[in-house]
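Trainee: Work the whole structure out from these sequences, hints included.
Top line first, the protein sequences correspond to chains V and E.
When we follow my numbering, the leftmost residue of the first sequence carries the number 7, and every step to the right adds one.
When we follow my numbering, the leftmost residue of the second sequence carries the number -9, and every step to the right adds one.
Calculated directly from the structure, the hints in this document are not laboratory data.
Be aware that one or more of the hints could be misleading.
Said to hold, decoys possible - With a cut-off of at most 27 Å between alpha-carbon atoms, the simulated DSS-like pairs for lysine-lysine come out as follows:
no.	chain 1	residue 1	chain 2	residue 2
1	V	K19	V	K69
2	V	K117	V	K49
3	V	K49	E	K79
4	V	K8	V	K117
5	V	K69	E	K79
6	V	K8	V	K26
7	V	K69	V	K117
8	V	K92	E	K79
9	V	K26	V	K117
Stated by the list, open to error - Here are some, though not all, of the chain E residues that point toward chain V, as calculated from beta-carbon distances under 8 Å:
no.	residue
10	E66
11	P69
12	A101
13	D126
14	A129
15	P140
Stated by the list, open to error - Label-pair ranges, simulated between beta-carbon atoms:
no.	chain 1	residue 1	chain 2	residue 2	range
16	E	T29	V	E70	42 to 52 Å
17	V	K8	E	A161	48 to 58 Å
18	E	A193	V	S119	56 to 66 Å
19	E	T29	V	G94	36 to 46 Å
20	E	F77	V	T10	27 to 37 Å
21	E	E182	V	N78	23 to 33 Å
22	E	G137	V	E106	20 to 30 Å
Where a beta carbon is used, it is the ideal one built from N, C-alpha and C, also for glycine.
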Amino acid sequence: MKLTDLATRLDLKVFAAEGKLDRPVAGGYAGDLLSDVMAHAGKDDLWVTIQVHPNIVAVAVLKELAGIVLVNGREPAAETVERAEKEGVPILGASAAAFELVGRLHGLGVKGS
Amino acid sequence: MYPRAVVERARATGLDIIAVTDHNSTENAGAVAEAAAGTGLVVLPGLELATEEEAHILGLFEAGTDLGPLLAVVYENLPDVPSKRSFVKDQVIVDAEDGVTGFNPHCLIGATRLTVYEAVGLIHGHGGLAVASHIDREAFSVISQLGFIPPDLELDAVEVSPLMTFAEALAAFGPHTAHPLVRFSDAHRPEEIGRAAMEFLLARPSLEEIRKALAGREGREVHPS
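Mentor: Structural data, given as structure tokens:
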């Protein structure tokens, strides 16, 4: 499934790199400890998190993630958006909490790697 | 990391003592201290340790301390990284003339496997002061990561970032912690040096004196600048 399809189906807000949504999502990973995500997330995974600081972009680039979804209605910091645009990392947002969002993603066929 | 720029900027903003606290490493502190020789600026070696819980703890040490053994423990506890690691080129090791002498191969941006208690213990074990970094920040602070400042964590001080004034910090955190509050620049770029500082009343510019000032012992004092 493409990230753009997920964004539409789940009514996600797009905060950054809107032009980069046409990419495949291989699976999903949920976590708020960057060290944990760095250790376990897979390439082309969609990352579900509450973290909004600029380091999330670095992690997404390092792990070649498909994109980041911020939950609980969280919005990325200004510097985060700037870095995400520069690196071409899509950042999306959902008002739902992580548990709920992951459930919906799972239902759409996005599984853990 | 440009030792000469750091020293120039520190002197220009009127600082007498600075500490070099790179993420998970102390390897550039010596170069900054060397660059400061003869300028009147005292440079203390240190590091900002990332704990397993992803809280940052500052370790500050007396000038001239051999931090090799401490660093060995830190490096041992950092994550192993895959061979594709383009971030290594940013992890420069420099000399006092701003020359790059090498690259640090460890995953310095990662979190160690040391808990906050182990981190504080490690810092104290090498004679240092342990300060909880930027507790006001939403990420990487003991409060953001643990939910609160553990009352049994033997910190020497808690730090707030330049994002709030000292008065705001005192009002927000004073009632919730017995530890002394400090406010430092957390400078990641030369232009950020000196944007926050504390004034110490000391007999001499040493870590031992700072320790006394934080504890309010023997007439040494610390105040917001």
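Trainee: Measuring from beta carbon to beta carbon, are V/K8 and E/A161 in 48 to 58 Å?
Mentor: holds, 49 Å
Trainee: With 8 Å as the cut and Cβ atoms as the points, is E/P140 at the interface with chain V?
Mentor: Not OK, violated: E/P140 not within 8 Å of chain V, min 18 Å.
Trainee: Run the distance test for V/K69 versus E/K79: straight-line Cα separation, threshold 27 Å.
Mentor: It holds: about 17 Å lies between the C-alpha atoms, which stays within 27 Å.
Trainee: Quick check: does the Cβ-Cβ distance between E/T29 and V/E70 fall within 42 to 52 Å?
Mentor: holds, 45 Å
Trainee: Given the hint that V/K69 pairs with V/K117, test it: the Cα-Cα distance must not exceed 27 Å.
Mentor: holds, 17 Å
Trainee: Is it true that the C-beta distance of E/E182 to V/N78 lies inside 23 to 33 Å, as the hint says?
Mentor: Holds: the Cβ-Cβ distance is about 30 Å, inside 23 to 33 Å.
Trainee: Could you tell me whether the CB distance from E/F77 to V/T10 stays inside 27 to 37 Å?
Mentor: For E/F77 and V/T10 the Cβ distance comes to about 29 Å; the hint holds.
Trainee: Would the hint linking V/K8 and V/K117 be met if the CA-CA limit is 27 Å?
Mentor: holds, 14 Å
Trainee: Does V/K49 pair with E/K79 here, judged by a C-alpha cut-off of 27 Å?
Mentor: holds, 22 Å
Trainee: Does the nearest C-beta of chain V fall within a distance shorter than 8 Å of the C-beta of E/A129?
Mentor: Holds, about 5 Å.
Trainee: Holds or violated: the hint that E/A101 contacts chain V, with Cβ atoms closer than 8 Å.
Mentor: holds, 4 Å
Trainee: Taken at face value, is the distance from the CA of V/K26 to the CA of V/K8 at most 27 Å?
Mentor: holds, 11 Å
Hints 10, 13 and 15 from the list above are not met by this structure, while the remaining hints are.
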